[in-house]
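Chemist: Could you build the full structure based on these sequences and the hints that come with them?
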Amino acid sequence: QVQLVQSGAEVKKPGASVKVSCKASGYTFSSYGISWVRQAPGQGLEWMGWISAYNGNTNYAQKVQGRVTMTTDTSTSTAYMELRSLRSDDTAVYYCARVDSGSDRDAFDIWGQGTMVTVSS
Amino acid sequence: DIQMTQSPSSLSASVGDRVTITCRASQSISRYLNWYQQKPGKAPKLLIYAASNLQSGVTTRFTGSGSGTDFTLTISSLQPEDFATYYCQQSYSSPSYTFGQGTKLEIK
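Protein chains in written order, with our numbering: chain A, 1 to 121; chain B, 1 to 108.
Lysine-lysine pairs mimicking DSBU-like chemistry, simulated, CA-CA at most 30 Å apart:
hint, chain 1, residue 1, chain 2, residue 2
1, B, K45, A, K12
2, A, K19, B, K39
3, A, K19, A, K63
4, A, K23, A, K63
5, B, K39, B, K104
6, B, K42, A, K13
7, B, K42, A, K23
8, B, K45, A, K19
9, A, K23, A, K13
10, B, K108, B, K42
11, B, K39, A, K23
12, B, K42, A, K12
13, B, K104, A, K63
14, A, K13, A, K63
15, B, K39, A, K12
16, A, K12, A, K63
17, A, K23, B, K45
18, B, K108, B, K39
19, B, K104, B, K42
20, A, K23, A, K12
21, B, K45, A, K63
22, A, K63, B, K42
23, A, K19, B, K42
24, A, K63, B, K39
It should be emphasised that the hints constitute simulated quantities derived from the structure, not laboratory data.
Modeler: Below is the structure:
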């Protein structure tokens, strides 16, 4: 079945970096984009950025621009999100989502299970 | 940047009620509007895409409408499994996206 499986929970100190993985299965990885969305405890959804699994093009939200890098490895159908210079307000559940940008829609139709990243000294 | 504003932020309703959630965009987004449902501790789930199209496998209790700047999600005859938080999302500025702040639907 079509699914995205993310790496496990992380605990990091302020100023450190974290890299979260998102392994896709059940579909042609390069035919879709991947977006990353985070959710701080008790808060709403925040879009962080998008990467084309076809050519690696990226688009990042202004709020994390300069601290985030999204990449893909088509040989393993895996997407990665690295966030640097972590702060306490980066504590959140991080989700990857498949972006279906077909002729009739542009939506996040498959989601990973989420990865909790805790930033604490 | 396009801002998305949902109302209400929270809503109490009873099983069997019909409820409507509104989403307003800060500029016209045509019909590039999606709706998601999120239950506690779970990833969001796509319900409606392109304003009014039901995602495969989603119950027909959910309907979406609207275009331009004003959109609605209607749930007919609420069921216990419908109590969750709902988010709208614009994809007009793809590959840049924005979510609304969410509407929490609680049992009265």
